[in-house]
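In this text, residue positions in the sequence shown follow full-length UniProt numbering: the first is 1, and each later residue adds one.
Everything labelled a hint here was simulated from the structure, so no lab data went into it.
Label pairs and their computed distance ranges (CB to CB):
#: 1; residue 1: Gly116; residue 2: Lys70; range: 16 to 24 angstroms
#: 2; residue 1: Pro233; residue 2: Gly287; range: 25 to 33 angstroms
#: 3; residue 1: Arg34; residue 2: Asp235; range: 56 to 64 angstroms
#: 4; residue 1: Asp217; residue 2: Lys190; range: 22 to 30 angstroms
#: 5; residue 1: Gly287; residue 2: Thr429; range: 42 to 50 angstroms
#: 6; residue 1: Lys48; residue 2: Pro543; range: 53 to 61 angstroms
No residue lacks a Cβ here, since even glycine has one placed at the ideal position from N, Cα and C.
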Amino acid sequence: MIAVQNPVIHDLWEAIHDDEMSDISLIGHDGEVRANRFILAARSKVLKKMLYGPFLESQSTEIPMYEYEKIILEAVVEFCCKNEISKFRLYIHRNALSARRLVRLFKAADYLQLTGLAKLVAQMAHNLTTRYPPLACAVYDEADYDNKVSNDSLMMIQCRPYVTLPPDDDTGGGVDQLSEIKLLTIYKDKEVKASELFLFEMLQKWREHSESANATDVAKICGAFIQLENIEPQDLLGVVMKSDFCSQKQITDAITRQALRASQNKVWSLSSRGRPNIERILVEGAGSKDSNGIYYKIEGLSNGELYSKREVACGQQHVYTLSVSVNKDNSTVECRIFCSKLLTHGGTMKMIKTRPCDPTFQPILQITRMSEETIDEQKITVLQVSDGENFIAVTLTPRFNTAKKYKELGQNTLIKVLGFERTMRDGKTSFQINKLCIISQDPGHRFGNPVHYFDVYDDVEDDDAASIVQRNIEPIENEIYQNLLRVPPVPAEAKGDKALLELYSCQYPLNEKPVDSKIPNIGWQIDSQGIAPGPRCRWIPSPQKEPETASMSANVKTAAIAGSSSYL
1 MIAVQNPVIH DLWEAIHDDE MSDISLIGHD GEVRANRFIL AARSKVLKKM LYGPFLESQS
61 TEIPMYEYEK IILEAVVEFC CKNEISKFRL YIHRNALSAR RLVRLFKAAD YLQLTGLAKL
121 VAQMAHNLTT RYPPLACAVY DEADYDNKVS NDSLMMIQCR PYVTLPPDDD TGGGVDQLSE
181 IKLLTIYKDK EVKASELFLF EMLQKWREHS ESANATDVAK ICGAFIQLEN IEPQDLLGVV
241 MKSDFCSQKQ ITDAITRQAL RASQNKVWSL SSRGRPNIER ILVEGAGSKD SNGIYYKIEG
301 LSNGELYSKR EVACGQQHVY TLSVSVNKDN STVECRIFCS KLLTHGGTMK MIKTRPCDPT
361 FQPILQITRM SEETIDEQKI TVLQVSDGEN FIAVTLTPRF NTAKKYKELG QNTLIKVLGF
421 ERTMRDGKTS FQINKLCIIS QDPGHRFGNP VHYFDVYDDV EDDDAASIVQ RNIEPIENEI
481 YQNLLRVPPV PAEAKGDKAL LELYSCQYPL NEKPVDSKIP NIGWQIDSQG IAPGPRCRWI
541 PSPQKEPETA SMSANVKTAA IAGSSSYL
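Modelling step: build the complete structure from the supplied sequences, incorporating the hints.
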């Protein structure tokens, strides 16, 4: 069923295109856009002052806005009339130009104080970079510092450097999209969760693609922020030495610092960026690129050790986990890298079937709809929640209405249900959530079965805009709404429980435990869902605490040297 367009919006939009009723032109650097003075002023306080205040523009029929291109001004006018930018969406594709175009529209909306448009475009930029991570570099480079779009793309680069920074031919994104200034901010940033060698290699890629005459000088400045002592000696003498970013003295000093640190700690280890006070494992080089990154230790487990990297805010639909455990006969160590669905597989059905409610069952679900109803003169919040496959309606216990955290709940919020109970309402069974915690307030899209993003058309074979316009059956904006929930067909072999995907694994006898490590660096085999090549792994211990007594210090050093299996 095609949505009927609001007649008021239709008439306003028609007025814009009527030569007698459109009384001003916005002049961009590549063309002009006809508009209506009253409509623009009614939507934007900035435009109201400009068009009706003591300025030259109030007496002119042509408003110079040369800093913007025509399609940006068209989007501003369309939003002022329709509260939507359906035409502008057709210009958004999976490439760096589109990413930058979104940021330029965000800047215009921010300057004109069109809050609704700024929020809408920020969401579109988030969706685009979530689906095509290399475009985060283009967004970050185009954006001003310290706003929603800039912070969102920076977080993507910090949390997922192994998929955002490598140059990408398909989208044109990657590190080569960064200008000299923005590149420097990334290399100064200690929150980028990657190894120093990886960052060094990305700096080489940037210089290769850069057309700047100062590219080598800029690379050397950025290279000064790379901690060479955290690069393996063989790579320092190989990869780093071959470049002209670092002097021989810098490399020699780095190797000296490594040797000094090893003698002081009685264990050979290299660190990395990311949170420095937590034990972690660095995974690099895996063909399954999303599995690369830094895995932090999860405390409180007795039958083994788990390390996890959760990147919910950056669009990951899975939780990636690395496990280290000993088999039952205490002779073999098994290490695995796997990922599991972020949402609890079958969570809604288990809520329905479990009788009585199991207090240990705490599913992770996503809010897909949220409303308030009045029942027995009491306001009740009703949620529709999903596990990615099915939906269920639940209510929140009334005390949530007065809780501070309640205001943070909204569309797409991810929640962990810590407690719920069955209730009867109008003779029907319903569910009431008594306790929950928020995992992510705004992950940017719905998880679970894939849904086409409404702001990106990416038919692989056809041009995005043409494939929609050529139909000409209904207005384009109506067809956009119809495509919002169009789910692509799922091949038969892809169906089934994909809640847990095994990516990589390795085994070794306990008596052959790697020296100064909990896991082997190489030798990982590719499991059913992994992609070649296998990963390289590095264990990074947390800094040793100062012991209270000399005997305790001796015990710690002995355990570190001998590779005690007490951790298993």
